[in-house]
Amino acid sequence: MYKRILLPTDGSDASARAVQAGVDFARELGAEVVGMTATPPFHVFSTDTRMLEDTPELHAASAAASARRTMDPVAAAARAAGVPCRLEHAVSDQPWQAIIDCAQRLGCDLIVMAAHGRRGLAGLLLGSETQKVLVHSTIPVLVQR
Amino acid sequence: MYTRILVPTDGSGVSALAERAAIDFARACGASIVALAVGQPYPPPASTEGAMVIDAALETEALQAWATRNATRVAGAAQAAGVAATAVTDIAYAPADAIVEQARRHGCDLIFIGSHGRRGLSRLLAGSVAQDVLAAATVAVMVLRPQPQQLRAEDDT
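Residue numbers (this note's numbering), protein chains in the order written: chain A, 499 to 643; chain B, 27 to 183.
Do not rely on the hints blindly, as some may be mistaken.
Incomplete in silico selection of chain A near chain B, CB under 10 Å [stated by the list, open to error]: (1) Arg502; (2) Ala516; (3) Phe523; (4) Cys583; (5) His587; (6) Ser590; (7) Ala613; (8) Gln629; (9) Val641.
Now the stretches of chain B that chain A is said to cover, found in silico as 3 or more residues with beta-carbon under 8 Å [said to hold, decoys possible]: (10) 46-57; (11) 158-167.
Simulated from the structure, these hints should not be mistaken for lab results. Note that the coordinates shown come from a computational prediction; the quantities given were computed from them, not determined experimentally. For each residue, glycine too, the CB sits at the ideal point set by N, CA and C.
Okay, chain B solo, but in the shape it has when bound:
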């Protein structure tokens, strides 16, 4: 039914849960996975007066390396579980838009995404990248919820 699943990864614990669930899901459905890592640069300052200027080329290089590492890790884990997988990377200020665009580009029919529980007032809000993906997606989106132990861990930080 779902044949190609986009799995975004940001290297976080929330993401790791979604990755594992996506791999199990893909295996159960006979689907393949597109593992996507989006590097998110700092927006450039409006004025450089008194601001620390980041070397853009160096930043892109570092982000690309980070993204490649994470996408490859997830694709590798999927393949080890017997699921066909591709690693894809992107660099974007708005990860949610990149996620939706890459899903379209790779013909994915489902996007898997984790969401944060957060603490206090922000517990009322779903994860913001998840929110943005849900708003923009043109395909089905599977939203994984944080586990209780994860919420407790976040409370302690």
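Same shape as in the complex, but just chain A:
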């Protein structure tokens, strides 16, 4: 049915739950998964503490390391479930756009993502990135709580 499922994650607990659900689902369907995360590009002017004293090169290296750490749990979950998995690290200020682009580029037919991620405010019922993915996606989105 679904053959390649995109699992975006921002490293939050909510994301982790969604990733596990996505992996379990993929196992049941015999599908493969694509884990992905987005990190912002280097900006000269930034309030992001990770960037303040960086050079573009240093930033890229630390962003890549951070992305690997964020996505390691996805690879681990997929491995444990015997589900084929690849990882994608997108550099973008707009996670929703990176998610849509990745899904399109890799021919994914389903996105499984959390209702909200790290920045989930208590009063926000549906996260902003999830909202935007829902508005712009042309493939189904399974919103996991």
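Assemble chain B onto chain A, guided by the hints.
This is chain B only, laid out in the frame that chain A set:
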């Protein structure tokens, strides 16, 4: 993994796409379906001065008949595809709340919902019932997106 899927139907084209997808999904997962149609009455006017008053009993009767027709149609389609299905109806001013409540009542672990593409500025907004369901749901929600030909058709209307 998902064992009981709530499939709301409103008789529209968007809904029909979600219904077909839900039936395929249920078959692939070995899940059963709860087909729900929610009749939505007009809110009663605050004052009846100069307003057209709808016979509430007649309206409820008509809505119930509409809901039964649609829920039964979807349940029937599911059964024809080899998927166990129940037809459920409800009458509510806020369909999204009814959808979430019926999902809870029937022990559903997934809600399938379609969403409108709409035209112009409202293309930026996801379908409003879908939005409300997403906000209130305590279980996973599968959101089907409109197909390109559907968006073009809506542009022409």
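Do the hints match the structure? See the list:
1. Arg502: Hint violated; Arg502(A) Cβ to chain B Cβ min 15 Å, cut 10 Å.
2. Ala516: Interface hint status for Ala516(A): holds (9 Å vs cutoff 10 Å).
3. Phe523: OK, holds: Phe523(A) within 10 Å of chain B, min 6 Å.
4. Cys583: 18 Å, violated
5. His587: The hint is violated - His587(A) has no Cβ within 10 Å of chain B, the shortest such distance being about 25 Å.
6. Ser590: 20 Å, violated
7. Ala613: For Ala613(A), the interface hint holds, since the closest Cβ of chain B sits about 7 Å away, which is under 10 Å.
8. Gln629: 7 Å, holds
9. Val641: This interface hint holds because 5 Å falls under the 10 Å limit.
10. 46-57: Holds: 5 residues of the segment 46-57 of chain B have a Cβ under 8 Å from chain A.
11. 158-167: Contact hint for the segment 158-167 of chain B vs chain A: holds, 8 residues under 8 Å.
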